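K.L.:
Mapping of the sequence shown onto the UniProt record's numbering: position 1 corresponds to residue 1, and the numbering continues sequentially without gaps.
Quick caveat, the hints were computed from the structure, so don't treat them as lab data. Since this is a predicted model, take the numbers as computed values, not measurements. Where hints are given, some of them may not hold.
Below, computed lysine to any residue pairings styled on SDA-like, alpha-carbon distance capped at 25 Å [what the hints assert, rightly or not]:
no.: 1; residue 1: Lys-4; residue 2: Ser-14
no.: 2; residue 1: Lys-19; residue 2: Gly-36
no.: 3; residue 1: Lys-4; residue 2: Gln-37
no.: 4; residue 1: Lys-4; residue 2: Glu-17
no.: 5; residue 1: Lys-19; residue 2: Leu-33
no.: 6; residue 1: Lys-19; residue 2: Thr-3
no.: 7; residue 1: Lys-4; residue 2: Leu-39
no.: 8; residue 1: Lys-19; residue 2: Leu-39
no.: 9; residue 1: Lys-4; residue 2: Thr-34
no.: 10; residue 1: Lys-4; residue 2: Leu-35
no.: 11; residue 1: Lys-4; residue 2: Tyr-38
no.: 12; residue 1: Lys-19; residue 2: Ser-5
no.: 13; residue 1: Lys-4; residue 2: Glu-16
no.: 14; residue 1: Lys-4; residue 2: Ala-27
no.: 15; residue 1: Lys-19; residue 2: Tyr-38
no.: 16; residue 1: Lys-19; residue 2: Gln-40
no.: 17; residue 1: Lys-4; residue 2: Gly-29
no.: 18; residue 1: Lys-4; residue 2: Leu-25
no.: 19; residue 1: Lys-4; residue 2: Met-22
no.: 20; residue 1: Lys-19; residue 2: Asp-31
no.: 21; residue 1: Lys-19; residue 2: Met-8
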Amino acid sequence: MITKSSIMLGLGESDEEVKEAMQDLRAIGVDILTLGQYLQ
Numbered sequence: 001m002i003t004k005s006s007i008m009l010g011l012g013e014s015d016e017e018v019k020e021a022m023q024d025l026r027a028i029g030v031d032i033l034t035l036g037q038y039l040q
């Protein structure tokens, strides 16, 4: 089974937080990651 997740960016997160989240998702076997950008 293919697993997927998504992250919304542009809400004040740091680059390090995004990197850590991406690494954590990969470590638990998430296959597809979608990144979205919050625009005001």
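K.L.:
Hints first: check each against the structure and report whether it holds.
P.N.:
The hints, checked one at a time:
Distance hint between Lys-4 and Ser-14 is fulfilled; the C-alpha atoms sit about 22 Å from each other, no more than 25 Å. The hinted pair formed by Lys-19 and Gly-36 meets the criterion: a straight-line CA distance of about 15 Å does not exceed 25 Å. Pair hint Lys-4 plus Gln-37 holds up; C-alpha atoms about 17 Å apart against a cutoff of 25 Å. Note on Lys-4 and Glu-17: the hinted pairing holds, with a Cα-Cα distance of about 19 Å set against a maximum of 25 Å.
Among the hinted pairs, Lys-19 with Leu-33 is consistent with the structure: their alpha-carbon atoms are about 12 Å apart, no more than 25 Å. Our distance criterion of 25 Å between C-alpha atoms is met by Lys-19 and Thr-3, whose separation comes to about 19 Å. With a C-alpha separation of about 23 Å, the suggested pairing of Lys-4 with Leu-39 holds against the 25 Å cut-off. Restraint check for Lys-19 and Leu-39: satisfied, since their Cα atoms lie roughly 20 Å apart, inside the 25 Å limit.
Between Lys-4 and Thr-34, the direct Cα distance comes to roughly 8 Å. Compliance with the 25 Å bound is thereby established for this hinted pair. Pair hint Lys-4 plus Leu-35 holds up; C-alpha atoms about 11 Å apart against a cutoff of 25 Å. Between Lys-4 and Tyr-38 the CA atoms are separated by roughly 20 Å; this keeps the pair inside 25 Å, and the hint holds. Between the alpha carbons of Lys-19 and Ser-5 the distance comes to roughly 14 Å, so the proposed pair stays at or under 25 Å and holds.
Between Lys-4 and Glu-16, the direct Cα distance comes to roughly 21 Å. Compliance with the 25 Å bound is thereby established for this hinted pair. A C-alpha spacing of about 13 Å is found between Lys-4 and Ala-27, which places the hinted pair at or below 25 Å, so the restraint holds. A distance of roughly 18 Å separates the Cα atoms of Lys-19 and Tyr-38; the hinted pair therefore holds under the 25 Å criterion. With a CA separation close to 23 Å, the supplied pair Lys-19 and Gln-40 stays within the 25 Å bound.
For the proposed pair Lys-4 and Gly-29, the alpha carbon gap of about 9 Å is at most 25 Å, so the pair holds. The suggested pairing of Lys-4 with Leu-25 holds, with an alpha-carbon distance near 9 Å, which does not exceed 25 Å. Annotation: proposed proximity of Lys-4 to Met-22 holds, straight-line Cα distance about 12 Å (limit 25 Å). The hinted pair formed by Lys-19 and Asp-31 meets the criterion: a straight-line CA distance of about 16 Å does not exceed 25 Å.
Annotation: proposed proximity of Lys-19 to Met-8 holds, straight-line Cα distance about 13 Å (limit 25 Å).
Comparing the model with each earlier hint shows no violations; every hint is respected.
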